[in-house]
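S.K.: Read off the chains here:
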Amino acid sequence: DVKVTQSSRYLVKRTGEKVFLECVQDMDHENMFWYRQDPGLGLRLIYFSYDVKMKEKGDIPEGYSVSREKKERFSLILESASTNQTSMYLCASSSRGQGRGNTIYFGEGSWLTVV
Amino acid sequence: SQQGEEDPQALSIQEGENATMNCSYKTSINNLQWYRQNSGRGLVHLILIRSNEREKHSGRLRVTLDTSKKSSSLLITASRAADTASYFCATAYFSGGYNKLIFGAGTRLAVHP
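Taken in sequence, the protein lines are chains A and B. Read in order, the letters of the first sequence correspond to residues 1 to 115 in this note's numbering. Read in order, the letters of the second sequence correspond to residues 1 to 113 in this note's numbering.
Calculated from the structure, these hints are not laboratory results. Hints are all accurate, no fakes.
Distance condition first, Cα-Cα at most 20 Å in a straight line; then the derived EDC-like pairs of lysine to aspartate or glutamate: (1) A/K57 with A/E79; (2) B/K100 with A/D59; (3) A/K71 with A/E30; (4) B/K100 with A/D51; (5) B/K100 with A/E56; (6) B/K100 with B/E5; (7) B/K26 with A/D59; (8) B/K100 with A/E30.
The structure presented is a predicted model; accordingly, all values stated were derived computationally and were not measured.
So that you can see chain B by itself, here it is in the shape it has in the complex (with noise of 0.2 Å):
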């Protein structure tokens, strides 16, 4: 079954304006990670955010956790067209004597110029 369910899951912009994307999980994690993936391509990772941090910034993309709500959101500043893409969230989890990585089913972005 899906840890993470993302929301939207379509989200159309302008380019400049800002996207946020959600994501709601379960069960307790270790981390959570986000990835993006462009058309027909493999998964990229973005930035891992630990269960004890709340926020996290990685040039435009700022990542906030609240594990009291079993949420998480990306936020990307300023969109550019190159930014159309699919973004997943992957929660991470001890299960079973490994570390477990499940991911949602993903936001599909398109920044308009």
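The following block holds chain A by itself, in its conformation from the complex (with noise of 0.2 Å):
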């Protein structure tokens, strides 16, 4: 059964704080996903990677950044935690084949609340 695990479901931090959110995928995808989603506005796009060590800005990368060390791990770092970071962030894989066309596949989510 495929598998996208965040490494957190909830987290509380102060504004300024370094903060890291990781996920895992065991799926041996290419591709990978960091989307955040607040109500009525859907899922936004923050940054994805198509390789290690690649990465690509989506819609919202302000205030974020990313590392892809490995294929397997895809990790979001918000440099200083502000208040309207506070969201639930999506960690997403795909495979970069078309056999099934480009679903992906979530983890569970993280619960972010920046205090």
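Please assemble the complex out of the two chains, which come individually in their own frames, going by the hints.
M.R.: Structural data, given as structure tokens:
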């Protein structure tokens, strides 16, 4: 069974803290994604990676950075957390192949509250 | 900017009834996908329909795609309380050298016993 695991389900951080959200997939997928989800706004893409050490900005990259040192792991970093980054963060992965289109598999989400 | 827009934003029905959700999008797509999200959880892929397909079935799910109107619909037949969730359409298109997937804001479905 496919598995995308996010390390933390719930986090509370203080304004200005550096925050790491970790994600691991066990499907040998080339592509990995970080989305944030806010009420009424759906999912918005922050960053994605199509290979180790490669990254591309999504729609809302400001205030975030990412790291992909290994194929199975994709980290989202908030360099200095702010209250407007309070949100649910979803990690996802997909195969580069076209056999299933670009269906993506999601983790369970990480609820981040910045106080 | 959002590519897919779901309609209605919320839907409340009784068990056994059918639920229809609609999705409209703006640009040409490679395929359109529907996902389900239970409260507070991640999204789960339900069904994918390619741009050259008009209708697709999977169990109690029926998806249609009208590329001339840039719209899709998801029909859940004989709904159950367990179908209560949010449903998202996602449009896939090729841009800047990558396949991109853009999600709408979702439809919240409540199925009452």
